[in-house]
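Enquirer: These protein sequence lines map, in sequence, to chains F and X.
If you read the first sequence in my numbering, its first letter stands for residue 4, the second for the next number, and so on.
If you read the second sequence in my numbering, its first letter stands for residue 4, the second for the next number, and so on.
Each hint should be verified, as a subset may be incorrect.
With a straight-line Cα cutoff of 25 Å, these simulated DSS-like cross-link-like pairs (lysine-lysine) come out [claimed, not checked]: (1) F:Lys167 with F:Lys184; (2) X:Lys76 with F:Lys72; (3) F:Lys418 with X:Lys273; (4) X:Lys323 with F:Lys9; (5) X:Lys396 with X:Lys407; (6) X:Lys58 with F:Lys72; (7) X:Lys273 with F:Lys78; (8) F:Lys365 with X:Lys273; (9) F:Lys414 with F:Lys358; (10) F:Lys420 with F:Lys407; (11) F:Lys414 with F:Lys359.
Calculated from the model, a selection of chain F residues having no Cβ within reach of chain X, i.e. all distances over 12 Å [unchecked claim]: (12) Ile44; (13) Phe173; (14) Phe201; (15) Ile202; (16) Ile203; (17) Lys209; (18) Ile210; (19) Ala226; (20) Glu251; (21) Glu306; (22) Ile373.
It should be emphasised that the hints constitute simulated quantities derived from the structure, not laboratory data.
We put the beta carbon where it would ideally sit given N, CA and C, even for glycine.
Number of protein chains: 2
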Amino acid sequence: MALNKKPVTGMRDIMPAEMQVRDYVLNLIRETYAGFGFNHIETPCMENIGNLTNKQGGENEKLIFKVMKRGEKLKIAEATTEEEIVDFGMRYDLTVPLSRYYSAHANELAAPFKAMQMGPVWRADRPQRGRFRQFVQCDIDILGDPTNLAEIELITATTTLLGKLGFKGFKVCFNDRRMLKAMAAYCGFEEKDYDQVFIILDKMDKIGIDGVSRELQEAGYAAEMVEKYMSLFTDLETAEDGVAYLGEKLGEALSAGVADNMSTIMNSVKAGASAQFDLVFDPTLVRGMSYYTGSIFEIKMAEMSGSVGGGGRYDEMIGKFTGQNTPACGFSIGFERIVTILMEQGFQIPGAAQKKAYLLEKGMSSEQMISVLAEAKAEREAGVQVLVVQMNKNKKFQKDQLAKDGYTDVKEFFKNK
Amino acid sequence: MALNKKPVTGMRDIMPAEMQVRDYVLNLIRETYAGFGFNHIETPCMENIGNLTNKQGGENEKLIFKVMKRGEKLKIAEATTEEEIVDFGMRYDLTVPLSRYYSAHANELAAPFKAMQMGPVWRADRPQRGRFRQFVQCDIDILGDPTNLAEIELITATTTLLGKLGFKGFKVCFNDRRMLKAMAAYCGFEEKDYDQVFIILDKMDKIGIDGVSRELQEAGYAAEMVEKYMSLFTDLETAEDGVAYLGEKLGEALSAGVADNMSTIMNSVKAGASAQFDLVFDPTLVRGMSYYTGSIFEIKMAEMSGSVGGGGRYDEMIGKFTGQNTPACGFSIGFERIVTILMEQGFQIPGAAQKKAYLLEKGMSSEQMISVLAEAKAEREAGVQVLVVQMNKNKKFQKDQLAKDGYTDVKEFFKNK
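Here chain F stands alone, though its shape is the one from the complex (with noise of 0.2 Å):
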């Protein structure tokens, strides 16, 4: 009968001081992406489990956690694979979900169609410190614009939500996969060896560019290829334009246009940021998924390592999934590490609401407790949060708790004599 007072393991629950950032930030982003016309939509916690296991969601689809069918459907004994007794899925990503749904809705949607999505995920990851196995994700996608004003639009969207949350100074890190490849064709290395290519200079930030030369020739490349490789980097060090200097510098390796939407983007966001922050070119981003086929981003904070946000353009991810072709593009901000980093911050929420307690000795009587209830309509009625409870034995206890709670207004009601 008694119950496991621990939440399951790996996940958690929010104590209300954190709830209230939650939901301030929740409504934030709302509201900001809500001003770039932004529709909010939303998908069940769960898919068939066919749809979460086609390959599309790499790593994560080995920690779905998973549901068991019901009723006569489930034949515990006589199965012997999960097949037989799996139907649903926990959602790993938003981004199968708005897959799904924009395969079976795209004719009652705008078009291009801004989708923004906030909603738990789940991966069953081995626990760790800061990292939890249902955590929210907030993610805006454009589909059906194969234009760069998706990548304009959802920089800008995405920086101004940053800057409305008090942060500045924060970087965005700007690539182009064809970029990316192209600097490697341009240096010699073979299609086939990009993904192994990649991973090492991803390293760039924690290994250096001696580090990466290094793993690079210790993977087998020649020496020559590689040289000429970093020395590309070495030159955007002190390029004034990278972007523009690559496109100059890799001719045709290069497909024509990339270096200009590039600068497109780069400018137009620039211009019209109203958040402070530094976008920046950055030859070394790789963005993990294989999916991403043109623009990749991701956020930079002082405040903490790794990113707080990134996303890119994946045109033929939806096709492969629903077999109609829809250029797309996304920018996931990371939620849970903004909310850490405000909650290590003591981030106090603009324009809350100022609180009162009322304190009620027992045994009042009815009439008495009615003028009291009046009081605090009359000053809830003002935008006041008034709590209204009973008088504790312990009364100085229970004014140091109201306080640690944001009560540091108490009024006291004493029982007519």
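Position chain X against the provided structure of chain F, taking the given hints into account.
Expert: Showing chain X alone in chain F's frame:
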């Protein structure tokens, strides 16, 4: 590779128009309840399966979506029972998680603790029209307050919310399980028969007093006893103050203070009401769950059959879970039903932002794009929702669709020649 386009059976995708209403209602719930000092909290959507199957959840325990163990712990071929392959389950309500949360965190929380929860729950009900297997519940609960201040605050908060949503003339039916039992005891029914008697009584609004009388006699209760019982209800129809009438009439069958307590709650709620509604004593109100120990209440609206919210006092439930007696009282608002009513009424969200669409001709220069985006930025900062999109070839169709999405104000930007 192809995706199954449909959401999992019995669950649904939510389209932008409904989502806007849902977000508005959720925000209003959060703000209104916060105004009464309720603390928003959150627990994981999964619980350890043992917590969900300990007989506190009644029929809902048969409807659990169960989550399969993972990795080495999962041995399907060897398993013959559910217990061997399941470790978690999706929550079917917010009360079990609240009990667990409170037992884990009570010493960090205010006493009494006013909790607000909003989130999805899952029940593997047979799929049917208007009833879904994932739906949002919104609960407020006061834990640790044995006094009727809890009932007063819960009913006042809930009715205030409904008033803010524009509802009026709805009915809050009020009763007390102890009154219900006293009426039966007074007429000679035995305690062991209460459940059966109340199930029949619960049909009063469908089959009328004659129907209830007939069914009770068919169930084998003495005609005289049934007649005495029914006459209580007919007497109540003409009684000016039903609670006072019964308080006197039932004598010792009713515990001292119950009638007074009911009157105080009703008078206080009426005096402090900010919405326009009827709070009525309903001697036929039963509320199914057997865990209720005192006050019970339910909201009825002309717009929808059944109830759109309900709750009551359950002083013994948390103790059964946690081993520590904790008086508790809660009110659950029928979020999905309220959204359904609002959608059917064509609810217009008050204070919704002005919506403008900018249509950009394709092939605009970077400079021109920057100037358009600057204009969008200025409008967004002034609170206008600005959708910036490429102009489609079929501009008329695009505009029609935009109008459908609320963008009546469309501005076209053409490429500079």
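Enquirer: Next step is simple, just say for each hint if it's right about the structure.
Expert: Each hint, compared with the structure:
1. F:Lys167 with F:Lys184: This hinted pair is violated, its Cα atoms lying about 36 Å apart.
2. X:Lys76 with F:Lys72: 19 Å, holds
3. F:Lys418 with X:Lys273: Within the cut-off at roughly 21 Å; holds.
4. X:Lys323 with F:Lys9: 16 Å, holds
5. X:Lys396 with X:Lys407: Satisfied, since the Cα-Cα distance of roughly 18 Å is no more than 25 Å.
6. X:Lys58 with F:Lys72: Holds: lysine 58 (chain X) and lysine 72 (chain F) sit about 22 Å apart, inside 25 Å.
7. X:Lys273 with F:Lys78: Roughly 55 Å between the alpha carbons, so the hint for lysine 273 (chain X) and lysine 78 (chain F) is violated.
8. F:Lys365 with X:Lys273: 21 Å, holds
9. F:Lys414 with F:Lys358: 11 Å, holds
10. F:Lys420 with F:Lys407: 32 Å, violated
11. F:Lys414 with F:Lys359: 8 Å, holds
12. Ile44: The assertion about isoleucine 44 (chain F) is violated, with a minimum of 6 Å to chain X.
13. Phe173: 19 Å, holds
14. Phe201: Check passes; 25 Å lies beyond 12 Å.
15. Ile202: Given that every Cβ of chain X is farther than 12 Å from that of isoleucine 202 (chain F), nearest at about 26 Å, it holds.
16. Ile203: At about 30 Å from chain X, isoleucine 203 (chain F) clears the 12 Å cut-off, so the statement holds.
17. Lys209: Non-interface label on lysine 209 (chain F) holds, nearest chain X Cβ at 30 Å vs cutoff 12 Å.
18. Ile210: 32 Å, holds
19. Ala226: 41 Å, holds
20. Glu251: Nearest chain X Cβ is 18 Å from glutamate 251 (chain F), so the label holds.
21. Glu306: 24 Å, holds
22. Ile373: Given that some Cβ of chain X is not farther than 12 Å from that of isoleucine 373 (chain F), nearest at about 4 Å, it is violated.
In the structure shown, a violation is registered for the earlier hints numbered 1, 7, 10, 12 and 22, in ascending order.
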